[in-house]
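Undergrad: Sequence:
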Amino acid sequence: MENKGEDELLLARKVDAAAVLACVNREYGWEAKDAILLPGGTENSAWQVTTPAGIWVAKIFSAREGPVARVQEENNLYKFLNAHGTHAPEVLDNLKGEDVSILEFQGAKLPLVVMKFEELRMCMPATMTQDELTRIAVATAKMHKALQEYPAEKAHTNDRTLDVPKAYTALTTSVHVKKFSEDELDRYKAIDIQMGEYIQGHLQPELLTKTLIHGDLAPEHTRFLPDGSVYFFDFSDRAWAPVALEIGIYFVALHSWGDVPHAHWEKLKEGFLASYESVFPLTKNDVQAIPLFMLYRQLDVIKYLCSLYKNEPNEHTVNWVRRGYALGEHILKNYEQR
0 MENKGEDELL LARKVDAAAV LACVNREYGW EAKDAILLPG GTENSAWQVT
50 TPAGIWVAKI FSAREGPVAR VQEENNLYKF LNAHGTHAPE VLDNLKGEDV
100 SILEFQGAKL PLVVMKFEEL RMCMPATMTQ DELTRIAVAT AKMHKALQEY
150 PAEKAHTNDR TLDVPKAYTA LTTSVHVKKF SEDELDRYKA IDIQMGEYIQ
200 GHLQPELLTK TLIHGDLAPE HTRFLPDGSV YFFDFSDRAW APVALEIGIY
250 FVALHSWGDV PHAHWEKLKE GFLASYESVF PLTKNDVQAI PLFMLYRQLD
300 VIKYLCSLYK NEPNEHTVNW VRRGYALGEH ILKNYEQR
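Just so we're aligned, residue 0 is where the sequence shown starts under numbering that gives the first Met the number 0, counting upward by one.
Calculated directly from the structure, the hints in this document are not laboratory data.
For every residue, glycine included, the Cβ atom is placed at its ideal position computed from N, Cα and C.
Fair warning: there could be bad hints in the mix.
What the hints assert, rightly or not - Once the Cα atoms are required to be at most 16 Å apart in a straight line, the calculated EDC-like pairs of lysine to aspartate or glutamate come out as: (1) Lys-332 x Glu-265; (2) Lys-178 x Glu-42; (3) Lys-178 x Glu-276; (4) Lys-144 x Glu-276; (5) Lys-78 x Glu-103; (6) Lys-266 x Asp-92; (7) Lys-188 x Glu-328; (8) Lys-95 x Glu-26; (9) Lys-209 x Glu-276; (10) Lys-115 x Asp-98; (11) Lys-309 x Glu-42; (12) Lys-108 x Glu-26; (13) Lys-209 x Asp-285; (14) Lys-188 x Asp-299; (15) Lys-115 x Asp-92; (16) Lys-177 x Glu-42; (17) Lys-108 x Glu-42.
To be verified - Cβ pair distances, simulated, as ranges: (18) Asn-313 x Glu-117: 47 to 55 Å; (19) Ala-52 x His-201: 31 to 39 Å; (20) Gly-96 x Arg-12: 25 to 33 Å; (21) Arg-12 x Thr-168: 19 to 27 Å; (22) Glu-269 x Asp-226: 50 to 58 Å; (23) Glu-269 x Thr-50: 44 to 52 Å; (24) Asp-185 x Ile-54: 45 to 53 Å; (25) Ala-325 x Arg-12: 42 to 50 Å; (26) Asn-24 x His-201: 51 to 59 Å.
Can you build the whole structure from these sequences, using the hints too?
TA: Below, the structure written as structure tokens:
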């Protein structure tokens, strides 16, 4: 995760329905009159657009995506995944035969992509069944296996840097620092240092299995189609990186998306790994690296949110800080002696 200015990154979230309709009607030759902002997302936004020909989703990308070429590369990735047995968005070309359009808003040019609307169901970790967990794990493993051969353009899909995120610094330089007592901050600082030391002491990326990872694997991005197939979307954070990082990211999401007790979380992790390895076996080094990547992910999200909302206090960020350091402490207690 990287940060630009808050206003620049959140501009896609400020686009209104009128701007969306004007763009899609011009670029796709529609006469749509209804656009509804869909829930979810932090920087990008997605709108459900109803036309006489059916329902579509118009996704607007934030300034973080940079050149249109990177958005086009994500569309190419979707084509590859759909052709190799992984369900992903189906993108619609505009009247010019292009898969990316430009929406102009407040002086900025934001990439816009139209996708086929799908009826999707999201499973929350607290109520996820073993069958649902198995389906997600197997689909993720198949995707990782296929993506080892993905002919990506390196200019737009880079290797993930794995420096220890400066989460505590981001926290103490944001407005959210006022939400915590001195005792809490001292405790978080100590945990932050321990998490960083664990990562630095155990990280050996050259020994780990790599692929093109999703980069933000979570219940929000691993939903179910009506036939029970897993549908993956939003690869904005994709990168060439260890598969152990992807698994660590997903395990953190399983803990953070809802009130999941540690005991239940441990069972979810165990079940996911068993199903994943039935398709894509991990090395001993891969498995041993998962805890450090869970710590890395927690620090990365805390840094990201505190930087993105540096001057805009919100409970979501405060909760992530509290739960993030609590989970970090739990992971350290369970793995630092292993």
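Undergrad: Checking against the hints above, which ones are violated?
TA: Hints 2, 3, 5, 6, 16, 18, 19, 22 and 25 contradicted; others consistent.
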